[in-house]
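A.B. asks: Sequence:
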Amino acid sequence: SVDPKELLDISGLKATQDYLLREVQKVYRMQGVEIGDKHVEVMVRQMLRKVRVYDSGDTGILPGSLIEVSHFNDENKKVLIEGKRPAVARPVLLGITKASLETDSFLSAASFQETTRVLTDAAIKGKKDELLGLKENVIIGKLVPAGTGMARYRNLKIKSKYDEQVQEAEPESIENVLTQEQ
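Read in order, the letters of the sequence shown correspond to residues 1 to 182 in my numbering.
Keep in mind that the hints are not guaranteed to be accurate.
Unchecked claim - Heads up, simulated PhoX-like pairs for lysine-lysine below, C-alpha to C-alpha not over 20 Å straight-line:
#1 Lys98 / Lys135
#2 Lys5 / Lys98
#3 Lys38 / Lys26
#4 Lys38 / Lys14
#5 Lys14 / Lys26
#6 Lys135 / Lys38
#7 Lys142 / Lys128
For the record, the hints were derived by calculation from the structure and aren't laboratory data. As the structure is a prediction and not an experimental result, all values here were calculated from the model.
From just these sequences and the hints, can you work out the full model?
C.D. replies: Structure (structure tokens):
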């Protein structure tokens, strides 16, 4: 049996994703249960959605931080546009429980496990849940951002302080920089 964390370090993200999919499907198929790959792929994607930052470059991300891949990529795009040094990170494999608790939505995390701890932590830190996911909207009884409820969320724009500062950035400059990186 292969340690998935070692596989991630040695062979990379794609090999780890394929291995986890294969192994989970093998267990279910031995029990005579057929599950579509896409369902397992969703779980694997959640388990691999974080990176650990080793070098912050010219971003504001702290070294050692465990952050979403999308946030990491957004921060790197910003500094690359400005001609600065990007951050360096490695993917991290989280267990199912840890992956469920490591979400931006404290309502979603609290619904899974460690409810008291998650809600207490959110209250102490003064967190605000943006209610952008399915689970948190179901919890509070709001229209979910899917199906007929998607129209309400389709044109939702989330602004950041950075958006106001850099409006002149040309989209093609991002593509040129990313192409040069690869």
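A.B. asks: Does each hint hold? Answer for all of them.
C.D. replies: Now for the hints, and whether the structure bears them out:
With a CA separation close to 17 Å, the supplied pair Lys98 and Lys135 stays within the 20 Å bound. The suggested pairing of Lys5 with Lys98 holds, with an alpha-carbon distance near 14 Å, which does not exceed 20 Å. Annotation: proposed proximity of Lys38 to Lys26 holds, straight-line Cα distance about 15 Å (limit 20 Å). A hinted pair counts as satisfied when its Cα atoms are at most 20 Å apart, and Lys38 with Lys14 qualifies at roughly 15 Å.
Simply put, Lys14 and Lys26 have alpha-carbon atoms about 18 Å apart, close enough for the 20 Å limit, and the pair holds. Restraint check for Lys135 and Lys38: the C-alpha separation of about 19 Å stays at or below 20 Å, so the hint holds. Using a Cα cut-off of 20 Å, the hinted pair Lys142 and Lys128 holds, with the two alpha carbons roughly 16 Å apart.
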